[in-house]
Each structure stands twice: as structure tokens, then as C-alpha cells.
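A.B. asks: So the chains spell out like this:
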Amino acid sequence: MSDNPFPLSRDELLNIYQTMRTIREFEERVHVEFSRGDIPGFVHLYAGEEASATGIMTHLRKDDRIASTHRGHGHCIAKGVDVKGMMAEIFGKKTGVCGGKGGSMHIADLDKGMMGANGILGAGAPLACGAALAAKYRDKGDIAISFVGDGASNQGTFLESLNLASIWNLPVVFVVENNGYAEATSVDWAVACDSYVDRASGFGMPGVTVDGTDFFAVYEAAGEIIRRAREGGGPSLLECKMIRFFGHFEGDMQTYRAEGEVDDIRAKRDCLKSFSKTVTAAGVLSQEDLEACDMDVLSLIEEAVSSALAAELPIEADLLTDVYVNY
Amino acid sequence: MFDFRFVVWTLCTLTIKCKPSPVNLSSKQHSLSINSSTISVGIVANPVSARDIRRVIANATSLQVSDRANIVMCVLAAVRACGVKRVLMMPENGGIRSLLKRGLQREQKLCDNRFPELEMTDTQISGTVDDTFAATQAMVDSGVKAIVVLGGDGTHRAVAKVCGQVPIAGISTGTNNAFPEHREPTITGLAVGLAATGRIPESVAFTLNKLLCVKINDGERSDIALVDVVVSTERYIGARALWRTDNLREIFVTFADPEVIGMSAIAGLLEPVSRNDFGGLHVLLDDPEVTENLLQVPIAPGLISTVGVQSWQQLEPGIPFTLRQSSGIIALDGERELEFGPEDTVQVTLYEKAFRTVNVGACMRHTGQHRLLVGAPLELLAT
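Chains as they are written, first to last, in our numbering: chain F, 1135 to 1461; chain S, 28 to 410.
Bound conformation, chain F alone (with noise of 0.2 angstroms):
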């Protein structure tokens, strides 16, 4: 037997220990850096939530899709969008992946899969009902994720999107990411079908609800349904119930949590923690291994910050590119 007990090998599982932290070092010094006045509009961050993305993301090949969410640095970074290039546009330069003009909630490359993130709530779900659809006639087995939030959960468009995979059986997934709070509201106040499973259910789709602070749940859970959505199984949805580190946006006060409820489960449901537990426990990993990982992305979100800062803001001509495209 092999001394490995986990269905990925060493190398794949430093490369998702490193894709977890990437996005951890990045919402934290973005965090700091919008302290400080240099990013424009609105961020809202990631952190604590890295288990989901990178359990889903594991298992997606380049052709997939994804349609992410206001919240979707870490769908980014999972799906391979450069590190250096994200920063730049949340920064609003002209490095930046969509040229500085889209910011933190229109990160998108589409070279990546990667449609987009949305500031529209429950907007993603439709447009991966499209690539889904798209997929589903190029016949090559790509399929197409829907991240969501609770809040937008509740949105038509995500609803009509669940009715429309389901009667034309695309080949979707939609993840419900459950952090509890929609902006400020828990979701006990703001969904009337208390289960997204039930939801499901209701629209003729299964639906399962992992831990999505564990990542191998969701990665186990995710490889079944994407595996079944690849072999034409139809839709499904997945809710990872989760925990956001930060507020809604950032400058949140977060009244609406309770006293110590952040350090609290920072202390206790860290999923990068309990990952590297998991590994190094089992000896697959070595605590040097991890520290090595993160020495190197402390670097390189240090340089894209720095390069960031450096880069050029867009110029007035550049408000008159990118608005149509010649298919």
C-alpha cells in the first residue's frame, strides 16, 4: 500500500496547498492595501472560504467554464488567472487582466474559462447555463460551474437558470458558497427554503451539501457531480457551507456578528489549517514543504503588488476599446 493515503499525489497536493494559500496572502494584502486608500470601488474578499474553490477547481480542465461572484478572487486564482495580473486590475492599471477597466467584481479570462466575476447578484448563473449549453453541442465532455452566494441564491435569475439546466439537461453545476450572511443579513432571516438541497430538488436535480471548510469533502463531492455532469448526468448543485474571514466589503463594521465570532472561527475552522494538519499528519507533506510554499507566495504576492503600484493607470482612449467584440 501506498504510503499516500489521499487520491492525489504529493506534487498535486503541494500544488493545492500553494493555490489555497495564494489566495489567502492575497485577500489579506488586499485587505491591507485598501486600508490605505490605493484600490478603487468596492472589494470583497475571499479568505477562509479557499477550500471551495479549490476543491471544485481541482477537478476543471482549461475548456470548462466558470461564472463566479462579487466574491471571486479566489475562483480566479483557482482557475490559473495570473496572480500579477488580478492585482493590477484590482488596482485599476492597465496590466491589469481586463486592461484596469473592470476592477475587483469583472476580473475575467476567458482564456482561462474564466467568464467573469459578476457584480450582479445571481447574474453567473445564466451565463453558465449558455457555456453549458455551448458545451453540451461541441460534445468534447466540458462543462460549466455557477458560483452563487446565499444571498443571491434568491435571485430569478438564478432560479430560472436551475429550471432552464435542468429541462435541457446541460452539463452545470451550481455551488451554492453558504457563508450565513447575505451582505449583512443571516440567511435564517433571507431564504425561505431553508435547504438549497431541497431547492434543488424542487427544480429535478440532486443536490448535495458538503463542508466547505474541509477540503478534501469537497473535492470528493465535487469530482462525483462534475464526473456525472461530464458523462451527461445533467445538473446538479452543490452547497459548501462556509465562513468568510472579513465583511461583506471591505470597510463592513460587521455589527450584525456576534462578539468574537472571526476569532473564533479563525481559531477553529481555517480550512488552509486544517488542510495542512491533514497532510503533514499523514506524512505526505513536511511542515518545511508548507513553509517553503509559503515563503514563495509571500514573494510573489510582494512583487504583484509592487508591480501593481508601478504600473500605468488606463488613458482616456481606452474607454473606446473593449466594448465590442467581432466573433
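The hints are simulated quantities; they were obtained by calculation from the structure and are not laboratory data. Honestly, I wouldn't trust all of these hints.
Stated by the list, open to error - No more than 20 angstroms apart at the CA atoms, straight line, and that leaves these computed lysine to aspartate or glutamate pairs for EDC-like: (1) F:LYS1402 - S:GLU364; (2) S:LYS128 - F:ASP1322; (3) F:LYS1402 - S:ASP157; (4) F:LYS1411 - S:GLU364; (5) F:LYS1411 - S:GLU370; (6) F:LYS1411 - S:GLU261; (7) F:LYS1407 - S:GLU370; (8) F:LYS1411 - S:ASP314.
Since we're looking at a predicted model, the values are computed, not measured.
Given chain F, put chain S in place with the hints provided.
C.D. replies: For chain S alone, coordinates are given in the frame of chain F:
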């Protein structure tokens, strides 16, 4: 023939006003000791049972939260009809509580007194199994006479870990449901209400059950299972539910029912053992690719899988069995829970008479035979 139209049968604080009946009930009367303090029962309703990956890899159903709330309403109405005044329930944020609140408010407007007072235990909500442990403990501490459990095998296991001598009554809302019997919840509620109020003798109302205990390194880590302990060569917990059969190597069961699905069905299809039989069964399994002894097993709803069988033997109570497999994971009642390696010593022991359940069938037979529900509505026992 005695005319019962005017008979009032008073038994402690219990009063049953009998309706006209052609049968002489006097011969069925018996003396029951009824506790005059507040009679209360507990309810643990898991909002997230039946939500795992078996909805995708098999065709498992997912009972809706509103259905779960309706089941609780049925139980509440039934126990109240038996005289139970107060019910303690586990709080959760999965939707059952809020639907119940709405339902009870609606019922209050429509009809008086059909439901008991419903209180939530003063316990934290974390959305994990810890909620079940804490709420069950609070119910035990407050002296409930029985606990109704809505969930699958895992939920019942969690309650059984804490409930001590308080009997539990299971209602299937999980995936495999080998432990809780399938039954209309109103009937379970009636049986619990009649048993909790002492109208049915304990020797009839309650059954003692077997249980499996797993100990790693002499108790360094330990846990229990109500139905099955399965050893797999898989070595990580992941999404918890167990369904791949080629990695299975050993299974220990408290009972082996050929009419259930899940891991215990492997044993049930080889040598049935009832819940009341002495001992359990221990089955050694093999990779189906390397053995000719194959068995087709309903391992999950709609999923019939091939299992390789090596041998099986009776599992005697009280004798620890050391695992043959040197490393892997241990699934308890269908969920991967414990990892172990070559450095660990793992022992599995079957215990008889480990915890109590409400014998719903026996309760209702007794109720019919003794005409306990004949007459006017039962009065509240309480206060």
C-alpha cells in the same frame, strides 16, 4: 354486558371517558403508576441528514425541510393526544424550527390545545453534530421520558452516545436508515406518548439494543456504532459517506437485516441476525476483483454493488475482535469516521443491552389489546 356510556375510568391523574362500546373493558383495566410531575419528551430533528453525496452517486431521496417540520408536527400532536404537556426540542438553523413556529401559530388560530408546549433546549447552534450531543444532554438533564429522533443512522448514533438510559424512538429521515424503522410518525408519536406517560409497562414499551464499540490503542480514540462498523482500505475521510465496495475488508454488525440497504445488508444477505438475537455477525470481505465469492448488495438507494466475500462468523458479545486490516479507515453506521495505521491496535466489541429504544410495535399492540385509547381524549398529565 356492562354499559360503558357512563363509565369514568380514573387512573391517577389520567381520565378516559369511554364511548359506547360492545366490549367489556373492565377486564382490560390495570393499574399503572403515572408520574405526577411534568411529563416531557425530547425531539432531535436533524435538518441536514440525507444531504450527502449519495444523492448524486445513487438515487437517494432528500426529504425536504418542510416535510421534516410536518413530521415533527405529527409527533407533537400525537404525544399531546397522550397527555404529554411539554416537549423539548433541539434548536437548529436548518429551517425546521422556523417552519414549526409558523405551523404552531397557524394551528393555534385554528384549534386549541392540539399541541403541547414546545421549548427549545438552551444549547448552542453550530450546525454540526455537537448540537445533537448538547441538546440530547440537556434533554436527559431535564428528565425527559423519551427522545424522538428524526434522522438516519448517523443521527441516531449521535443521540445514543449521550442519552444514557433515556429511550429513543427513531423516525427515518436519513439515507440508508438501517436503524430507525420505517413507520408513520404519528404512530411513533402515539407510542412515545403512551410509553412516556406510563400507560404502557416498561417491560413492554422499551427494548434493549446491541451496540458496537471501537477502541483504538486501548481507548486513546473510541466511538460507537448502532448497526455496523466497516473497515475499508480507503484512508481519508473526505465526503464521509461510504459507497465504494471494492475497498471493503471487514464488517461487524449488531444485526443483519436482509430488508435494509447499506453496509449491514452485506451481512443480512449472508446470514440474517435480528435485533433481538444473541450476538451479531463479523464478515471478512475481499476485493471483488480477486475473489470468486461475489455478493450483490443494495449498498445505497438504487445502487446495487458487487462485494467480494471471504467468510463470516458469529460475533459474540463482550469479546474484543482485533481488526485484520492493518491500516485504513473505519466507517461507523455508514460514515467514514476514524483513520488508523499500522502503529494502531483497533478492537471492536459487541455489547448487548446497551441502550433503550421505544418498541413502537409492541406499544401499539398493547394499546390495542388494552384499549388504552378507547374513550374521550386523554387529559394532560402535568404540571
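A.B. asks: Each of the hints needs a verdict: does it hold here or not?
C.D. replies: Verification of the hints:
Straight-line distance between C-alpha atoms of LYS1402 (chain F) and GLU364 (chain S) comes to about 19 angstroms, which keeps the hinted pair within the 20 angstroms bound. The suggested pairing of LYS128 (chain S) with ASP1322 (chain F) holds, with an alpha-carbon distance near 13 angstroms, which does not exceed 20 angstroms. Distance check on the hinted pair: LYS1402 (chain F) and ASP157 (chain S) sit about 14 angstroms apart at the alpha-carbon level, within 20 angstroms; holds. Only pairs whose Cα atoms come within 20 angstroms are accepted, and LYS1411 (chain F) paired with GLU364 (chain S) is accepted, the gap being roughly 17 angstroms.
Using a Cα cut-off of 20 angstroms, the hinted pair LYS1411 (chain F) and GLU370 (chain S) holds, with the two alpha carbons roughly 19 angstroms apart. At roughly 19 angstroms between alpha-carbon atoms, LYS1411 (chain F) and GLU261 (chain S) fall within 20 angstroms of each other, so this suggested pair holds. Proposed proximity of LYS1407 (chain F) and GLU370 (chain S) is contradicted: the alpha carbons are some 25 angstroms apart, above 20 angstroms. At most 20 angstroms may separate the alpha-carbon atoms for a hinted pair to count; LYS1411 (chain F) and ASP314 (chain S) exceed this at roughly 31 angstroms.
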